[in-house]
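Protein chains: 2
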Amino acid sequence: GVNPDLASERQTASFSVEKLTAWLDGGAEHTRIRRAVVEAIQSDPIFSRENQYFQSQNERYEAAVRKAVHLQKKMHEMGWTENGPEYKYIYRALSGDVAFLLQRVFKRSISVLGSEKQIARWIPLATQYRIIGSYAQTELGHGTYLQGLETTAVFDVSTQEFILNTPTVSAMKWWPGDMGRSATHTVVFAQLYIRGKCYGVHPFIVQIRSLQDHSLCPGVTAGDIGPKMSFEHADNGYLRLQKVRVPRENMLNKFCEVQPDGTYVTRGSEKINYLPMTTVRISVISDEVIIPLMKACTIAIRYSVVRRQSKLKPGEQEAKILDYQTQQEKLLPQLAAAYAFHFINNYLQELLDRGYREIQRKNFEPLPELHAFSSGFKAMVTQYCTSAVEICLRACGGHGYSLLSGLPSLYTKILASCIYEGENTILFLQTARFLIKCFMAASAGQPIPPSVTYLAAVDPGKCPAKNKLDFLSPDIYTEAYRHTAVRLIGSVVAKLQDLIHSGVKKYDAWNQCTVQLVQAAKAHCHYISVVNFAETVEKLETKPDIQKIMKHLCDLFALHGIFSNAGAFLHDGYISGAQMDMATASYLDLLAVIRKDAVPLVDAFDFTDKTLNSALGSSDGQVYQRLYEWAQKSPTNTQISPSYEKYLKPLLHNTLSKL
Amino acid sequence: GVNPDLASERQTASFSVEKLTAWLDGGAEHTRIRRAVVEAIQSDPIFSRENQYFQSQNERYEAAVRKAVHLQKKMHEMGWTENGPEYKYIYRALSGDVAFLLQRVFKRSISVLGSEKQIARWIPLATQYRIIGSYAQTELGHGTYLQGLETTAVFDVSTQEFILNTPTVSAMKWWPGDMGRSATHTVVFAQLYIRGKCYGVHPFIVQIRSLQDHSLCPGVTAGDIGPKMSFEHADNGYLRLQKVRVPRENMLNKFCEVQPDGTYVTRGSEKINYLPMTTVRISVISDEVIIPLMKACTIAIRYSVVRRQSKLKPGEQEAKILDYQTQQEKLLPQLAAAYAFHFINNYLQELLDRGYREIQRKNFEPLPELHAFSSGFKAMVTQYCTSAVEICLRACGGHGYSLLSGLPSLYTKILASCIYEGENTILFLQTARFLIKCFMAASAGQPIPPSVTYLAAVDPGKCPAKNKLDFLSPDIYTEAYRHTAVRLIGSVVAKLQDLIHSGVKKYDAWNQCTVQLVQAAKAHCHYISVVNFAETVEKLETKPDIQKIMKHLCDLFALHGIFSNAGAFLHDGYISGAQMDMATASYLDLLAVIRKDAVPLVDAFDFTDKTLNSALGSSDGQVYQRLYEWAQKSPTNTQISPSYEKYLKPLLHNTLSKL
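Those sequence lines, one after another, are chains A and B. Letter by letter, the first sequence follows residues 1 to 659 of this note's numbering. Letter by letter, the second sequence follows residues 1 to 659 of this note's numbering.
Check each hint, because a few of them may be wrong.
One copy or any two copies: either way a pair holds, since identical chains are not told apart in the list.
[To be verified] Derived pair list, reagent style SDA-like, types lysine to any residue, alpha-carbon separation capped at 20 Å: (1) Lys320 <-> Ile426; (2) Lys495 <-> Glu541; (3) Lys73 <-> Lys649; (4) Lys633 <-> Arg60; (5) Lys633 <-> Glu423; (6) Lys539 <-> Asp475.
None of these hints come from the bench; they were simulated from the model. Everything numeric in this text was worked out from a predicted model, so none of it was measured.
Take these sequences, add in the hints, and give me the full structure.
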């Protein structure tokens, strides 16, 4: 049965959970497809995640390979294809615990960087899993700064081959997924040398393991990089190449080619190289970040209405912890953020689709904007959601800290998203560079992309709010965000110019402004997120119940940001201290309003118990019983420890004789 | 050899590292003792932590038991005693990875809550490890709110026994350390019933496992609660008691007793019950929080001068990442905080010692202050240091995310400190309650404890700073912190009173103010930390070199707090926007100053490589070589996976035939 404290929360929803789910999915048809995929996957015991929290890295890897191989069969069986509507739900249904995910990256890099001929040769092999691909860019000593890569590819005219080499320990490829134990092939990024001249970093397809017996190819050293904070199932690997030869045809040559005589030819725009990174960053946001936050919110909020602690009113029974203002203030803003970022993801997808259409028409103009937005939002959303998941974990106290809650693994995995696909600080600085250019262009009356025209808008100078209810007006708070973003960008531009005018070298001036540049980029992303949320709510007029609760969440998201970054809004007096008190009052009032719908709002995410894999978050709220049952399956209980015989017995027997 | 990039950092220290170490240790004699203990422990292979990152929960547990048993021998051999000067360094040298740590808690609770007779009976048994003790307070459904515990102890006059019982699943004891697989005895907290009347929660000594064969005693169900985010070595346990009988003498009866006829008698003050919690919270700060932060700073800062990425100046080699302002702004404030909290720990120890002397003299007056300070600082320091360790981890990028960096295990362990020994939000609210009482007493002209007289001091109303250098004056910034703390406490008092005057029930009003009460309690702790740091620096006049660098760190700690919580200082205009810009400028300038001494400042913490157990943080800076060597020892490389034969071979052989 369902725990009555959880059941009662579902009686009073102010909206239809099913309708909200369908709207979030983009229509009831998508909900149906998603549920069918989840059901097909989760009813198949080969995809089970039971006991996952007890498994070693080796056991997790083996399970992931087993699932990856089985998935091919399953897809065939179910008639699912990579281009079908089911595809995006498969990964979600598996919760990511599957091997060979780099196959997609391998294929995408060939599709984008390879010639038609290369695509025709390699893509079918990879699609049919007749080779296993990886993507070897990062080195032990080199990450984001691609130009610093040390691996070399020297063209040998006499044999028409590239000789790939790892000259130092720090040049070893390090981190590529599926490379430690699985991959047969990988795309290696290396400095191209022709007749002693370096032409910069280029991609090469390199076979690293035999298709015959899976042994490492001559000159190849590879292995697993060992335990990480998460991703136990993934064989992130290292790769050392000692004069490994690949044919001339293995350099991916859509944009540049080495001709047989060693002539280096470029064609098209290299800028296009940024496009795959942009796409990956946006997909990170939806798959690796927003979904985990939604799961964490579901677990923490359900648990918070089952858990009772202390008394709110004397003489009554202990209160549900979600009835405490402090608990609401921990969890509900994270819930609002999960919605906000779901909508920002839609926004980014549209931006990407629009940009992609232009690029197809050889118009590369949207690239800088796409790059800036995908970078900034990847950084902002990963950072925000990582903190949010951590808050959910901590808000569940000791039980949140148990792996059985599911929260630790959500946290340790989402944390990685702040680091991979571009380290966040570096990404924010990319966005800042774009914003500064746009700001200066706007100041000079030059045209700027539509997404940043806010930089040139007229500013009222002071927030017009007169009472706390005014802070529930999107016009009031979006304008406050806009003003703050523009002020931060403007003031760092001024600082940069002052430094340069005073004789500081341009690169030094930049470095001295980077802390504030990061602040400015964050403010920009926060502003866009708030505006986009408000616009999404506005468009909901045909669904009044959903619009009403989404409006509350939008207000909460916006006011939480003002409350938590008060300094940025107070700094120049745009918001006064008295107004900040009004905003705070509205913010705290909203918590109590949204609290009533908290459980329906997470139910609408529509995660199955198997997806959550959490003793605290199951839809029946049988928290304590489940914790107890699951704990008993732990190897710490099922395996006999030799500790007693070896160490304790001698101690305690000594006691017996004396007691 | 030492990596030259790290070596060069040590050439230019502005102070003697050895002198700073000695001062931090409280004198060169302590340094000598500490080093001797560390050397004795770390040269003994039984205490080795090698390969720890590869071990399962069962392997970690067995190692911890082995170490605990060996430690008894070692202590005897070395002549170390529990009251000797070496004792406090043993745990540090072991980095906590040892079993039976609850023995101390078991003993402490008997010492504090037991009669002379009980102490004489049980303490020697525990000291000689002839029994293994635990401490069973928390239940599956009940944490901080002791009155909510469900376990019962019914006095049976006819047999002169207590019957201990676990009436529901949620009443099961859950989490106690050493209880899952090791303990023979535990102190169980249960609701005492005599003739049907409940007398509240009392402590009882209960034997749970046989000393003969370690089997569970009749009526006892116990086991391990399963995997957690850290503490793999600890057998945190569950315990279910089904009508387990213990003799009347097993209720700890220093303060209350059940006489043979069932008469319940109290004596002395129950308030003293708070003292052990106070002591434990303060010891958490030093052992579990500050030391890990110091380790994380050491690892991240050393790595950040070895790691090079991107170019700071065009044409030069790639820059050390610590030369980027953003990296400095991540790490150096955490370093300053490590020092600040080392000093706050000294402050709290003195407060505790003073209070303890009074309590010995039966003067219980210092208890509320001790309780409030230990609660607030436990919450503030654990929260601050947890974030700080996370920042250090993230600042090391992908390599920080590898378990081999040592940072993930520091993080997952320190995170627990926010939850155990009192959940932080609840602790902050305890502090807030004390502050509000003191504030109201001060307003009414009544006497208040010396530590909070600042609540009654005269306020200048506006910050007098005129330029950025003024913000390097401790008078300026401590006054700003004081003003802000008083304002936050005062305004929440006003809100509480307004609510109550407007007819809101007192408990509702309290709940509606809790978010702001937490803010006020944090502001108080932050203020005390800054003042205490500034006073510590002042007393250093005989060590000018150390005083100078400590002054920089104190300034940085204070200005970082202003920069990060700008809203609190700007709110009522105490600091203006223009002054905030000055404070920010000074803050950013300081980063570049302290950066020069960053490595010597972490070297002074004097951790051995074995203590750090980090591929990134070793004193020779051979980061890449060590990562590579350690990774090769991973079971993912040393054990053959069946995945190839089972899953990959069929796939790939299929390919061969077609290639």
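Hints, one by one, checked against the model:
no.: 1; hint: Lys320 <-> Ile426; result: between (43 Å within a copy, 15 Å between copies)
no.: 2; hint: Lys495 <-> Glu541; result: neither (44 Å within a copy, 37 Å between copies)
no.: 3; hint: Lys73 <-> Lys649; result: between (53 Å within a copy, 16 Å between copies)
no.: 4; hint: Lys633 <-> Arg60; result: both (17 Å within a copy, 18 Å between copies)
no.: 5; hint: Lys633 <-> Glu423; result: neither (39 Å within a copy, 28 Å between copies)
no.: 6; hint: Lys539 <-> Asp475; result: within (15 Å within a copy, 54 Å between copies)
In terms of the numbered hints stated before, the structure departs from hints 2 and 5, listed from lowest to highest.
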